[in-house]
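**Student:** Take a look at the letters that make up each chain.
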Amino acid sequence: MKLVDEFRDPELIRGLAARIVRRATRHWTVMEVCGGQTHSIVENGLDEVIAERITLLHGPGCPVCVTPLETLDRARRIALETGAIVCSFGDMLRVPGSRGDLLGARAYGGDVRVVYAPLDAVRLAARTPERPVVFLAVGFETTAPAVAVAARFALQQQLENFHLLVSHVRVPPALEAIASAPDAHVDAFLAAGHVCTIMGTAEYEPIAARFGIPIVATGFEPVDILEGIAMAVEQLETGAAKVEIQYARAVRPAGNPIARAMLAEVFEIADRPWRGIGVVPRGGLVLRPPYDVMDAARAFPWLEDETSTEPQQCRAGEVLRGALRPPSCPEYGRRCTPDHPLGAPMVSSEGACAAYFHYRATSLAP
Amino acid sequence: MTTKLDVQGLANPSCPAPTETDRITLSHGAGAGATSRLFETILWPQFRNDTLGVRHDGAVFPAGPAGERLAFSTDTFVVHPIEFPGGDIGSLAVHGTLNDLAMCGAEPLGLSCALILEEGLPLATLERIVASMAQAAAAAGVAIVTGDTKVVERGKGDGIYVNTAGVGRVPDGRVVHPGRVRAGDAILVSGPLGDHGAAVLSVREGIEFDADIASDSAWLGGLVEHLFNAVPELHCLRDPTRGGLGAVLHEIGGAAQLAIEIDESALPVREPVRVICELLGLDPLFLASEGRCVAFVPERDAERALAALRSHALGAHAARIGTVQPGPPRVVVRTRAGTRRLLLLPAGDPLPRIC
Numbered sequence: 001m002k003l004v005d006e007f008r009d010p011e012l013i014r015g016l017a018a019r020i021v022r023r024a025t026r027h028w029t030v031m032e033v034c035g036g037q038t039h040s041i042v043e044n045g046l047d048e049v050i051a052e053r054i055t056l057l058h059g060p061g062c063p064v065c066v067t068p069l070e071t072l073d074r075a076r077r078i079a080l081e082t083g084a085i086v087c088s089f090g091d092m093l094r095v096p097g098s099r100g101d102l103l104g105a106r107a108y109g110g111d112v113r114v115v116y117a118p119l120d121a122v123r124l125a126a127r128t129p130e131r132p133v134v135f136l137a138v139g140f141e142t143t144a145p146a147v148a149v150a151a152r153f154a155l156q157q158q159l160e161n162f163h164l165l166v167s168h169v170r171v172p173p174a175l176e177a178i179a180s181a182p183d184a185h186v187d188a189f190l191a192a193g194h195v196c197t198i199m200g201t202a203e204y205e206p207i208a209a210r211f212g213i214p215i216v217a218t219g220f221e222p223v224d225i226l227e228g229i230a231m232a233v234e235q236l237e238t239g240a241a242k243v244e245i246q247y248a249r250a251v252r253p254a255g256n257p258i259a260r261a262m263l264a265e266v267f268e269i270a271d272r273p274w275r276g277i278g279v280v281p282r283g284g285l286v287l288r289p290p291y292d293v294m295d296a297a298r299a300f301p302w303l304e305d306e307t308s309t310e311p312q313q314c315r316a317g318e319v320l321r322g323a324l325r326p327p328s329c330p331e332y333g334r335r336c337t338p339d340h341p342l343g344a345p346m347v348s349s350e351g352a353c354a355a356y357f358h359y360r361a362t363s364l365a366p
Numbered sequence: 001m002t003t004k005l006d007v008q009g010l011a012n013p014s015c016p017a018p019t020e021t022d023r024i025t026l027s028h029g030a031g032a033g034a035t036s037r038l039f040e041t042i043l044w045p046q047f048r049n050d051t052l053g054v055r056h057d058g059a060v061f062p063a064g065p066a067g068e069r070l071a072f073s074t075d076t077f078v079v080h081p082i083e084f085p086g087g088d089i090g091s092l093a094v095h096g097t098l099n100d101l102a103m104c105g106a107e108p109l110g111l112s113c114a115l116i117l118e119e120g121l122p123l124a125t126l127e128r129i130v131a132s133m134a135q136a137a138a139a140a141g142v143a144i145v146t147g148d149t150k151v152v153e154r155g156k157g158d159g160i161y162v163n164t165a166g167v168g169r170v171p172d173g174r175v176v177h178p179g180r181v182r183a184g185d186a187i188l189v190s191g192p193l194g195d196h197g198a199a200v201l202s203v204r205e206g207i208e209f210d211a212d213i214a215s216d217s218a219w220l221g222g223l224v225e226h227l228f229n230a231v232p233e234l235h236c237l238r239d240p241t242r243g244g245l246g247a248v249l250h251e252i253g254g255a256a257q258l259a260i261e262i263d264e265s266a267l268p269v270r271e272p273v274r275v276i277c278e279l280l281g282l283d284p285l286f287l288a289s290e291g292r293c294v295a296f297v298p299e300r301d302a303e304r305a306l307a308a309l310r311s312h313a314l315g316a317h318a319a320r321i322g323t324v325q326p327g328p329p330r331v332v333v334r335t336r337a338g339t340r341r342l343l344l345l346p347a348g349d350p351l352p353r354i355c
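Chains as they are written, first to last, in the numbering used here: chain Z, 1 to 366; chain F, 1 to 355.
These aren't lab readings, by the way, just hints derived from the structure by calculation. Mixed in with the good hints there might be a few duds.
[Said to hold, decoys possible] Straight-line Cα separation of at most 20 angstroms, EDC-like style, residue types lysine to aspartate or glutamate; simulated pairs:
id: 1; chain 1: Z; residue 1: Lys2; chain 2: F; residue 2: Asp283
id: 2; chain 1: F; residue 1: Lys156; chain 2: F; residue 2: Glu119
id: 3; chain 1: F; residue 1: Lys156; chain 2: F; residue 2: Glu118
id: 4; chain 1: F; residue 1: Lys150; chain 2: F; residue 2: Glu119
id: 5; chain 1: Z; residue 1: Lys2; chain 2: F; residue 2: Asp212
id: 6; chain 1: Z; residue 1: Lys2; chain 2: F; residue 2: Glu127
id: 7; chain 1: Z; residue 1: Lys242; chain 2: Z; residue 2: Glu205
id: 8; chain 1: Z; residue 1: Lys242; chain 2: Z; residue 2: Glu203
id: 9; chain 1: Z; residue 1: Lys2; chain 2: F; residue 2: Glu278
id: 10; chain 1: F; residue 1: Lys150; chain 2: F; residue 2: Glu127
id: 11; chain 1: F; residue 1: Lys156; chain 2: Z; residue 2: Asp111
id: 12; chain 1: Z; residue 1: Lys2; chain 2: F; residue 2: Asp210
id: 13; chain 1: Z; residue 1: Lys2; chain 2: F; residue 2: Glu271
id: 14; chain 1: F; residue 1: Lys150; chain 2: F; residue 2: Glu118
Hey, can you work out the whole structure from these sequences and the hints?
**Tutor:** Here is the structure:
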């Protein structure tokens, strides 16, 4: 498959791994920000081939994982109590809230559907004018433009039954939070290539400068990731701390101006609670006028009363900011498995705990 | 601007424990972990018996004083949409049960057909489905000899559900079931994986896409006879339907109490199926095939078995994908990067990923 196979070439992988280990004069800790990267790393055992010199920490870039419990509980209540159709991306529907996941709500009469694109939810609303349709909008700057397009269509068509429960998050504030957290030690970041495809790399310049940390916008295939690590190691070894682009086949420094304009038209930046991490200042997006008319909180004002408290069993927060590696969690693989997740990182295929559980080669030891 | 973390959030990083469901969810039907838990916790304790305990695609039991054996299997089909590239619910229902018999090493004697029809189903659709069943049965040289029809109110079914059951005769000396699998056995597949699953996805509402994919739905009896002729010592056969190859390897490894190691680069997957999986974030290892089989054969017979499969029209792209290993039951994948990873069953139906 073009643009896939060449980035999974075993020879290239081995060559890059050897180059990284040779170039590093000491041990470095690199955090990949995005769950898609985590998935690829653990699926292919990339952390093992460079373990001699590099520790990989898995960042908070799983939008499914950081969606607040409250949002999930609200979506579930909407599905069960209002007769609305609730829809979202597939993996979002299996994340546990306080009283079970959204897919499970179907067994209790909720109309919960998987959609593959936000526009499908708009079409659904147009087809069912008698019923509210709520799209649970999650994701980073990558998925937000598609939601912005959907919001625009819904407004144009004056679909009064289309609502958005928005939980979009932004990457740069999370990186700042991790770099300044007392218990995290990260020497370099691999930024998420697809987020940079939309947003460009300018937002990362002040973070690299302020914390003296190399940031490499990196792709998702094994060769991409190892090349990103090699670029980060080169910076670390030479004392540099700048923003570089590994994922050059998709990322331009200015990003995608059309998508950015769309985001700016529909959303504005706001503080946002991240599940397991806490409120990240400027860490999310909310609808701005006139699009705020489709905010689900307006259609279902009682949502504001829904507060959820997180029980104490899961240490997802520490995992999400790289302070705890999944296998080191006392519940990992014991009380917490993909079939019985204690927290979101064990559910989504982007989640660090699930990625480890599915692929972890160390669990192959007798 | 300075960014600070919420102190309380940092001190109490946590996630909730989900409540276990006390109702049936779609995961219970997905052929993976939840399905086997349903069997182990609800069905097996009540139905427990030696024949069922073999955990094969069908039951094989003695049926005569001279040691004759019959194989018996049933399967219900609820596929949506009911017509898809390469087949429909009718041909699928015939192939599915005939293949279960074939996986027991049995030659089919007769099939039953039970239809659950929803009020409002166009008769023309029913005629097409039934004609397709008759054609599929005739191609396998077997008759549909008994049946039943029920109609449910509109809204209480999905157009048509089909159940088939089949009885077959197991020739003397043939013993194929998971318990015969041994460490060192070679694992072969008869063709590319996941064509059926991808074909059904390609016409499912919301993700229709143009792709050169058709279901692989086919009767495997001829291929299996051909394989038995070449390798009478065949240890086990299984068709990777619901849950795909991944689920089959787990079931067989679990039943045989052995480890299974497969080589990622040896897995045959057609290019359009790979593309769809990449786009939707699915793993072809868990997509259904309806006209492929997985064969476990002694190492010394591996080459002969592979040659036999490849010399049959349905096995032209057969491949050896791995080896059975001693050790605790688990499925290990050797990656292209040369590392090893565990293959676990997905929690439910494969869901497309957000990004």
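**Student:** Against this structure, judge whether each hint is valid.
**Tutor:** Consistency of the hints with the structure:
1. Lys2/Z <-> Asp283/F: Holds. Lysine 2/Z to aspartate 283/F sits at ~18 angstroms (cutoff 20 angstroms).
2. Lys156/F <-> Glu119/F: 9 angstroms, holds
3. Lys156/F <-> Glu118/F: 7 angstroms, holds
4. Lys150/F <-> Glu119/F: 10 angstroms, holds
5. Lys2/Z <-> Asp212/F: Given that 20 angstroms is the threshold and the Cα spacing comes to 17 angstroms, the pair holds.
6. Lys2/Z <-> Glu127/F: 43 angstroms, violated
7. Lys242/Z <-> Glu205/Z: 7 angstroms, holds
8. Lys242/Z <-> Glu203/Z: Holds, because 12 angstroms separates the two Cα atoms, which is no more than 20 angstroms.
9. Lys2/Z <-> Glu278/F: OK: lysine 2/Z and glutamate 278/F at ~12 angstroms, within 20 angstroms.
10. Lys150/F <-> Glu127/F: Holds, at about 16 angstroms.
11. Lys156/F <-> Asp111/Z: 16 angstroms, holds
12. Lys2/Z <-> Asp210/F: 18 angstroms, holds
13. Lys2/Z <-> Glu271/F: At roughly 10 angstroms apart (the allowed maximum being 20 angstroms), glutamate 271/F and lysine 2/Z satisfy the hint.
14. Lys150/F <-> Glu118/F: Since the Cα atoms of lysine 150/F and glutamate 118/F sit roughly 9 angstroms apart, the hinted pair holds (cutoff 20 angstroms).
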